[in-house]
Amino acid sequence: MTSSDQWRCIGAATLGEAHARHGVPCQDAWAWAQVNDALLLAVADGAGSAPRAEVGSARAVDAALDALMSIHPLLAGNLEAAGPDAVIDSLRQALSAVHGALQEMAARENAPMRDFATTLLIAVVTPTHTAAAQVGDGAIVCAMEDASKVMALTRPQHGEYVNVTTFITASDFLECAQFCYLPEPARHLALLTDGLEPIAIGYRLGKPCDGLFSGLFRYMEACEEPIMRRSLLEWLDSERIRDRSDDDKTLLLASRLSPMREEVRS
Amino acid sequence: MTTDFIPSAHRPDFDRLPVETNMEQRTPCVLLLDTSGSMGGEPIAELNAGLQVFQQELLQDPKAARRVEVALVTFGERVQPVYGEFVTARDFQAPSLAASGATPMGEALSCALELLQRRRAYLESQGIPKTLPWMFLITDGAPTDQWQHAARRLQQATAEKQLSFFAIGVQGADMTMLAQLDPPRPPAALRGLQFHEFFKWLSSSLQGASRSRPGTAIAVQPIDHWGTVNT
Numbered sequence: 001m002t003s004s005d006q007w008r009c010i011g012a013a014t015l016g017e018a019h020a021r022h023g024v025p026c027q028d029a030w031a032w033a034q035v036n037d038a039l040l041l042a043v044a045d046g047a048g049s050a051p052r053a054e055v056g057s058a059r060a061v062d063a064a065l066d067a068l069m070s071i072h073p074l075l076a077g078n079l080e081a082a083g084p085d086a087v088i089d090s091l092r093q094a095l096s097a098v099h100g101a102l103q104e105m106a107a108r109e110n111a112p113m114r115d116f117a118t119t120l121l122i123a124v125v126t127p128t129h130t131a132a133a134q135v136g137d138g139a140i141v142c143a144m145e146d147a148s149k150v151m152a153l154t155r156p157q158h159g160e161y162v163n164v165t166t167f168i169t170a171s172d173f174l175e176c177a178q179f180c181y182l183p184e185p186a187r188h189l190a191l192l193t194d195g196l197e198p199i200a201i202g203y204r205l206g207k208p209c210d211g212l213f214s215g216l217f218r219y220m221e222a223c224e225e226p227i228m229r230r231s232l233l234e235w236l237d238s239e240r241i242r243d244r245s246d247d248d249k250t251l252l253l254a255s256r257l258s259p260m261r262e263e264v265r266s
Numbered sequence: 001m002t003t004d005f006i007p008s009a010h011r012p013d014f015d016r017l018p019v020e021t022n023m024e025q026r027t028p029c030v031l032l033l034d035t036s037g038s039m040g041g042e043p044i045a046e047l048n049a050g051l052q053v054f055q056q057e058l059l060q061d062p063k064a065a066r067r068v069e070v071a072l073v074t075f076g077e078r079v080q081p082v083y084g085e086f087v088t089a090r091d092f093q094a095p096s097l098a099a100s101g102a103t104p105m106g107e108a109l110s111c112a113l114e115l116l117q118r119r120r121a122y123l124e125s126q127g128i129p130k131t132l133p134w135m136f137l138i139t140d141g142a143p144t145d146q147w148q149h150a151a152r153r154l155q156q157a158t159a160e161k162q163l164s165f166f167a168i169g170v171q172g173a174d175m176t177m178l179a180q181l182d183p184p185r186p187p188a189a190l191r192g193l194q195f196h197e198f199f200k201w202l203s204s205s206l207q208g209a210s211r212s213r214p215g216t217a218i219a220v221q222p223i224d225h226w227g228t229v230n231t
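Protein chains in written order, with my numbering: chain A, 1 to 266; chain B, 1 to 231.
Don't read these hints as lab results, they were simulated from the structure. Any given hint might turn out to be false.
Below, a sample of chain B positions facing chain A; criterion: calculated Cβ distance under 8 Å [as the list claims (entries may be wrong)]: (1) Pro-12; (2) Phe-14; (3) Asp-15; (4) Val-19; (5) Asn-22; (6) Ile-128.
In this text, a Cβ means the ideal position worked out from N, Cα and C, and glycines have one as well.
Start from the sequences and build out the full structure, keeping to the hints where you can.
Structural data, given as structure tokens:
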């Protein structure tokens, strides 16, 4: 990956049937940025029970990108020397920064932090590595050069019951966080909120649906962006998908358009 | 599972993408129904009519019909799980219950706790997500067997968030004793024989629970005209 590497990022969020029925806005948010050599991705899913979850999730993804940009030197720096621990530590710092930003916002608005409860998923790809962190449910899935080899960076994280999860706004967010580090750059990534879990993750083994993600990644490589963007939204909102999940659904896809070539890297 | 297809550069065909066929999330509900002799006559007739309403209401909601699963345990002449195990609302057939015998509430509670224990283990082994199970006990009397041991198991289970428990007393029920089953939540008193209203309320609460999403606190709906709670 060079600084001229182009990433295609396509996000789509649809309002779940359950929310539409109750007049609740879509509480998911997503954002991405490409900064020099690094691709930064964030997705947040506001808690249905929190009165201002949509504000919380929007603030969370903004704060996440801000934080990742400010610790970017470490993320993109000499990682061979820094090692996985340093990368995971920077992700931890980023999560803490987001927690802090939400804390400030709650204080400013004179409201309890739980009013803004949201999950948070973040991912970073640099020329040398892929790293991800997650608090709460949803999942981060990736593939390297071969789009058919799908792997999970993080997994849905709820307790015994589907209605219990953890949030970046909770005081124990760091203990509940998942981290993942791979010493190679991903070619494709997908960040999804829990509304997509019923169709995207096999509950039995907690593994992502290979065929679905490899298909999505191939479309990302092959299809033109406006068409891809529209088709993705239509699909998320289709009867076939809505019938299986009535929650808000957000999917952020990122694919590097040029394959990695050793000679370009140096 | 992998797909080997080359997408057209212009028209992605999302409908060709495979998706997981997970089992639907479940909302388990156990009903413990007093069918002792004192329920004879109008009370058991109203209870049976209420169960019919329950069946119809849940069937009208396709999502709830797939996700809500019900187990019935009656206690009177004997303690009996009506269907053996849980059935999804879609397959639920309201029984026609007859009233006779004593009130073996302790045995019924133990039976219901075991049913639920088995169900939780099964759902967990299959990776099927669920909402917090609910257990409702409806009685018009007082236990005629030892209930303290079962109550301790119940209290432990609710404390460990294995289930939420609700006791409902029909006129003549020993409310003081019912209050001791799971002290954090006081029992509700059924107004008259408003089983019809109660089951409408219960199916509506279950419909809500069956749609609950991660992060949502699921609670039964506020008790409406069917009953009262003295706290």
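Hint check:
Annotation: Pro-12(B) was flagged as interfacial toward chain A, and the flag holds, the nearest CB pair being 4 Å apart, inside 8 Å. The closest approach between the C-beta of Phe-14(B) and any C-beta of chain A is roughly 4 Å, which is under the 8 Å cut-off, so the hint is satisfied. For Asp-15(B), the suggested interface contact is upheld, since its CB lies about 7 Å from the closest CB of chain A, less than 8 Å. About 4 Å separates the beta-carbon of Val-19(B) from the nearest beta-carbon of chain A, less than 8 Å, and the hint is met.
Because the closest C-beta pair between Asn-22(B) and chain A is about 5 Å apart, less than 8 Å, the hint holds. At about 6 Å, the closest approach between the beta carbon of Ile-128(B) and any beta carbon in chain A falls short of 8 Å, and the interface hint on this residue holds.
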